[in-house]
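4 protein chains.
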Amino acid sequence: MQMTHYAEAKLQEEKVFKDPVHRYVHVRDQAIWDLVGTREFQRLRRIRQLGTTFLVFHGAEHSRFNHSLGVYEIIRRIVDDIFVGRPEWDESERLLVLCAALLHDLGHGPFSHAFENVFELDHEYYTRQILLGDTEVNAVLRKVAPDFPEKVSQVIEKTYPNKLVVSLISSQIDADRMDYLQRDAYFTGVSYGHFDMERILRVMRPRENQVVIKSTGMHAVEDYIMSRYQMYLQVYFHPVSRSAEVVLNNILKRAKQLSMEGYKFKHEPTHFKAFFKNDITLEDYLSLDESILFTYFQFWMKEDDEILSDLSRRFVNRKLFQYIDLDPCAELDKYQKLQALFRQAGLNPEYYLVHDTTADLPYDFYRPGEENVRVPIFLEMKNGELRELSTESIIVDSISGKMKRDHKIYFPMDFLEDTSTHHDVKKKICMILQGN
Amino acid sequence: MQMTHYAEAKLQEEKVFKDPVHRYVHVRDQAIWDLVGTREFQRLRRIRQLGTTFLVFHGAEHSRFNHSLGVYEIIRRIVDDIFVGRPEWDESERLLVLCAALLHDLGHGPFSHAFENVFELDHEYYTRQILLGDTEVNAVLRKVAPDFPEKVSQVIEKTYPNKLVVSLISSQIDADRMDYLQRDAYFTGVSYGHFDMERILRVMRPRENQVVIKSTGMHAVEDYIMSRYQMYLQVYFHPVSRSAEVVLNNILKRAKQLSMEGYKFKHEPTHFKAFFKNDITLEDYLSLDESILFTYFQFWMKEDDEILSDLSRRFVNRKLFQYIDLDPCAELDKYQKLQALFRQAGLNPEYYLVHDTTADLPYDFYRPGEENVRVPIFLEMKNGELRELSTESIIVDSISGKMKRDHKIYFPMDFLEDTSTHHDVKKKICMILQGN
Amino acid sequence: MQMTHYAEAKLQEEKVFKDPVHRYVHVRDQAIWDLVGTREFQRLRRIRQLGTTFLVFHGAEHSRFNHSLGVYEIIRRIVDDIFVGRPEWDESERLLVLCAALLHDLGHGPFSHAFENVFELDHEYYTRQILLGDTEVNAVLRKVAPDFPEKVSQVIEKTYPNKLVVSLISSQIDADRMDYLQRDAYFTGVSYGHFDMERILRVMRPRENQVVIKSTGMHAVEDYIMSRYQMYLQVYFHPVSRSAEVVLNNILKRAKQLSMEGYKFKHEPTHFKAFFKNDITLEDYLSLDESILFTYFQFWMKEDDEILSDLSRRFVNRKLFQYIDLDPCAELDKYQKLQALFRQAGLNPEYYLVHDTTADLPYDFYRPGEENVRVPIFLEMKNGELRELSTESIIVDSISGKMKRDHKIYFPMDFLEDTSTHHDVKKKICMILQGN
Amino acid sequence: MQMTHYAEAKLQEEKVFKDPVHRYVHVRDQAIWDLVGTREFQRLRRIRQLGTTFLVFHGAEHSRFNHSLGVYEIIRRIVDDIFVGRPEWDESERLLVLCAALLHDLGHGPFSHAFENVFELDHEYYTRQILLGDTEVNAVLRKVAPDFPEKVSQVIEKTYPNKLVVSLISSQIDADRMDYLQRDAYFTGVSYGHFDMERILRVMRPRENQVVIKSTGMHAVEDYIMSRYQMYLQVYFHPVSRSAEVVLNNILKRAKQLSMEGYKFKHEPTHFKAFFKNDITLEDYLSLDESILFTYFQFWMKEDDEILSDLSRRFVNRKLFQYIDLDPCAELDKYQKLQALFRQAGLNPEYYLVHDTTADLPYDFYRPGEENVRVPIFLEMKNGELRELSTESIIVDSISGKMKRDHKIYFPMDFLEDTSTHHDVKKKICMILQGN
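Residue numbers (full-length UniProt numbering), protein chains in the order written: chain B, 1 to 436; chain P, 1 to 436; chain D, 1 to 436; chain L, 1 to 436.
Accuracy of the hints is not assured; some may be wrong.
Heads up, the list lumps identical chains together, so a pair's fine if it works in one copy or across two of them.
[To be verified] Only pairs whose alpha carbons sit at most 25 Å apart, straight line, appear in this in silico SDA-like list of lysine to any residue:
id : residue 1 : residue 2
1  : Lys214    : Gln322
2  : Lys214    : Phe237
3  : Lys382    : Ile409
4  : Lys319    : Glu136
5  : Lys163    : Val84
6  : Lys427    : Leu326
7  : Lys428    : Gln336
8  : Lys15     : Arg77
9  : Lys264    : Thr281
10 : Lys273    : Asp134
11 : Lys337    : Tyr323
12 : Lys158    : Pro146
13 : Lys302    : Phe272
14 : Lys273    : Asp304
15 : Lys10     : Glu91
Calculated directly from the structure, the hints in this document are not laboratory data.
Full structure from sequences and hints, please.
Next comes the structure, spelled out in structure tokens:
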């Protein structure tokens, strides 16, 4: 890499961000400081880390800006406190991995999961676009070296040749996960999500192609895996949060559908036009954030289309759907029966009867074997041998790949309880929902 | 009060909110549960507790929804765990004080301080409007008793006859402050703001006209006062947060000015029209939140008016003003000189040279004597005598009313650093700013 | 039970103990307050909760006094906050279970495990003796009712007819364990041992014969089980702590052996005489504590018997034994070979070559089936059905009864390293220890 | 200093101690590791950091061993993370200041304050004796350099020429205080004692003759000063802890008095002989610890002398003295009257009526002016000027030197309540004590 002086430029005085999770985030590199100041990075302040979860855990209002700084800080500690001076660590990769850490979530849109789902987008694609396009971030990165934006992109996309660098950002025990587990636990206030990160950092070692964990740290890693397991069950897959996700998804789906049908919106959905037509520029993408979406939802509350206005009101005022569990084997036809009955009751099942499984959600338990992208965790035994974690840990082995899929049906209970219309159909629906 | 059954209705099963500060917020009363579900209360989710502070402390993204539940929970513990059964406490006031606690901030608008300042509004007026107007909140309160909305409003306005009830919500040591100090400390991550609330609650006693503190708890109260002092200096008066406030204030001021001048906005500022004309309905007021404001700032970034677009970009992308300290006695004419020079340099000083003092901000140190609204803190000695806190505590006495006013001048350094135009004037400005 | 007024006597004002784990321990019952003041209960201040562990985790200096108050406080919260008013809970058992909680460890001696092992004692026997004998504790309990001491003893011994009461103190998820896991984590400073006790308490329900857990709380219970697992592996079975235990055990064993052989101690071991002769009165037992033992170890450092003085010096000055892992299958004869070589090297293997397995330690993982004493954890499903935890939880099932036994050999490495004598034998020993 | 290789010897692998306050204490220097292993340092495990305070705050059972490691760790962070590489810091002082930090409390005896008071000893004298005498500690230090023990002693005694080094260990904001405030808060469980040490460390700068604080860190220092103030009032001067101190003091005083009078002890007080005769060798001093003292108190409970046995029982079984406040101006003769009446009631006032003022206790508030030993805190302003803290901080100024002396009289209430003897005199005493 052809380095300019900028790559080594340090701030005259170290800057710190006060961070509730890591206490302080320390910045000494000019490039990092400049990246934080770009408009693309500042935009992450207006995108929540946990999407709709704040409707269940009211503390979870923290942004991706928060998390991105946190991932950067963890990597900074690894490379500056643990790896520095070790022969297996190439110091010239330092700024690269710091930048990749800071920028790894840059392409996330507002309420990513629902948004990407409805408009068939991929935030990783947009991360790359922002890194390589005509952006403030790109301008900073190019000052380091002409090929630096491309390299940062490769690290984030896991195609960078030095897999050790990649594994710091993306593996079963990367800085990304270590930050979000702790951060999400802190802001939701749940008592899970805690593990001894300091201990884990101290036993991390750079090896060819990946980070490994000294075997003496196995129990700290077990604890981390258990935290992840609990956070998924308790927070990330929380059924009410999924309900909010379902409603949000259907708002976007409805608006798109209406647009395709030539519906005349009272308030022109300027920001969405490109998305409805699937002809999206980087500028279109960057102009969105969760403020904008919330503003539109409030416009749409007043639209004539009853489905769009009802769903928007539900999301804004938190009148979510109820749910029941569904046994996908035994109750094969239940869902279909309900669809027919919903139609009879005047409720469009496409928007008001939603079958949701946790497997539709980003699911990244520790599953060696199943997963071919994330590098599994390797323990380095005293004799230097590497062993995959689940072969050593009873606990980890026990939960690897055993997660059962959870199926639920979401629907608006209030509609069913209003028996002024469709009394008999609704009664029938309720009986089915109650399992009779 | 003519009670209906609704006033005593309990949920079949207690509901809890997971709260990072109080661990759990417990709700057993049907009325409280229903109030939380109203659209006016849910709107508080879209208004940050600390306004622009999140631009300095990135964790401070918590909403007024959060805080309102927290104040409710503290009051619930006081009345249900400490006051219950004591002869001085009238159990029939219980639901009233709980509702007042929950709803005390209901009238806050987006970025309250700047917004109220520019449009000459008062959130307390709107709290009353929401309580008494045609709202979902009012509908719930009326189910308790016809005069219940009025009573809740009186407690919040401090005109309710039973001053003991008022003092729980508004005094120098009320539930409002105990919640926000802890909550703001938690979300900013600063190490100040902690005090032993559990101890304070345990020594609170209901007396005629006010809450008092058993003298054995004096040191816990001192610690609380010190926390407040530190939080003000470190967080609430943080100079960079004030810079963001200055920029925000000037955006709104500019938009209003442009509207008054008949400026044609590219994007019609529908939501602001009533505010520009100062003819505001409750619906106008409630339709605003911080999402909407952020959306407008992004529209305004593209307006032709250079001041409006520049200030909007500054706020959205966090390019704030710099500041210097001003000695208001010795440097009387400095500010005036600078105003003239700014004009010469082509910068409108009304928007780009702002004199800000902390006394312009909501300032509520513990100052017995100065303040005639907030009830001071009284200690109850062993013999039953009441003594005002600062007569007993050296520490509290020392900081009472001694806070010196802090004066700063805010300005855009980047403009001054760009010496491609007005080179000489800008040089002169810089010399003055540097104290030469 | 024939109650006197004393059973219901309340303190004029609630007393509190400041507790780092539960924040405050609250006492309102006169009987509880009086029990805390007895000399038998105060004696627990001089007995460490974790025996020799403070030699590894220097914070672990907390006493059984601490823990006993903690168990009491947890039970107090269960019965006063959760159980009160429920039809399945008999309020007349309240004081009984509180007393049993407070007093359940009363019979523990100094460094219980080693002490009981060498002198073939049982602390449960002594708990009963203290409760029923001529003690200050007994005097307080008798004031409640003549048969009250016996009842308290039955609850602790698990023979009390109402098994619900027993299960609060002794089950797989009793107050005893919930306190010690948190307390030991706090004082050692490890990051394991945390779980959401408040949540668990909230889902506990009194049922016939036992406490059950509402199934909605399963994940909190899983987290508790995992904490236990980690605390055992990381703290309770810590190999260096076991080394200290081995040395301590051998000091006592040696002193007893010397006494039996008629050895003339320089300093008459008055306190131990009854134990050496196995003719122990309650007063003999109560006169011991860890201060006394440490005093004797310092006397014994100066005894002529080299084994006794060497081991005492090791313990007092923390020069412990080293260890290696032993594979009990493959290395059947290794241990025997080493015994022979130790003798050749002039080291008595009975005191200097110790085979220790974790199964010799109090081992109480969650093992339904294996264990017939501790009541397993039952979840109460929504339909009222009870299911044993490991049938519902993948995690718990995975670690139930699977703990592999850990075998180690402990020995004094410094002796072996001193090759001024027995050079060749020691070299041979070292080669075996190093696995060659 | 003539350095040997030993001064630079590093452990092959860093060792860590798990510490609840600093999470980990890191040791890399061979010399530090060896010092921790000496018998003189291990002895600190058997001496509580807070003496009798554990009788009030039951968690406060932590030892001076704990604290000494903590002070070492703070200094290690200062020199290795903050000072390293700065021109004002002489790296060759590193090991010296680390050793001084670790060993600064080495000469403390059991229950230091009472013990030193009765036997007119000074722990600083013994620290020096241990450092320079024939001890394991001295042997380790001499391996560094022949004059190294003397240098360590000078740093601890504040006579070392480089006052910067001295000020790290002894000043108004030294590592000693920063550790004990946090540690004592942690183990007592009080909510005071917390301050942002990480922030303070980051703004510490080495200057000629002393450590200074960058002025931007003033508020963190204010918070530290306030923590100290609160810890003194709430914990260190706790009236019940002082009661225990009074009883302990009088036990030792009585035993000494009896010895001087030729009293024949049932159990020969071997360990105390040298102290009674005031002819103490280093070995006599080192052979004492709190185990030994507790053992003697239990012997003395059975002595014939009623005062000694009564006081010993009081201390061991925690039956302490009660207290009343005394106004030393207005109530000049009250104390004298009580003395006479106590004598009439058959109670020796020398042991049973104790006038105690907090000024008798080690009192080290921040009092510039009053105190000529501890270096005050200097802030370094942006222009490099140094200003003493209380000239800048309103808060600190307000509490500097203003602490009012607290006078109390301690006495055994139970004796007075037993009116079977001396009925009238006791009644008179009680009336005086109740202020009539």
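Hints, verified against the model:
no.	hint	verdict
1	Lys214 with Gln322	between (47 Å within a copy, 21 Å between copies)
2	Lys214 with Phe237	between (32 Å within a copy, 20 Å between copies)
3	Lys382 with Ile409	between (50 Å within a copy, 19 Å between copies)
4	Lys319 with Glu136	between (40 Å within a copy, 14 Å between copies)
5	Lys163 with Val84	within (18 Å within a copy, 34 Å between copies)
6	Lys427 with Leu326	within (19 Å within a copy, 68 Å between copies)
7	Lys428 with Gln336	within (14 Å within a copy, 77 Å between copies)
8	Lys15 with Arg77	both (15 Å within a copy, 19 Å between copies)
9	Lys264 with Thr281	within (24 Å within a copy, 28 Å between copies)
10	Lys273 with Asp134	within (22 Å within a copy, 36 Å between copies)
11	Lys337 with Tyr323	within (16 Å within a copy, 67 Å between copies)
12	Lys158 with Pro146	within (20 Å within a copy, 58 Å between copies)
13	Lys302 with Phe272	both (17 Å within a copy, 18 Å between copies)
14	Lys273 with Asp304	both (19 Å within a copy, 23 Å between copies)
15	Lys10 with Glu91	both (16 Å within a copy, 24 Å between copies)
Checked against the numbered hints given earlier, this structure breaks none of them.
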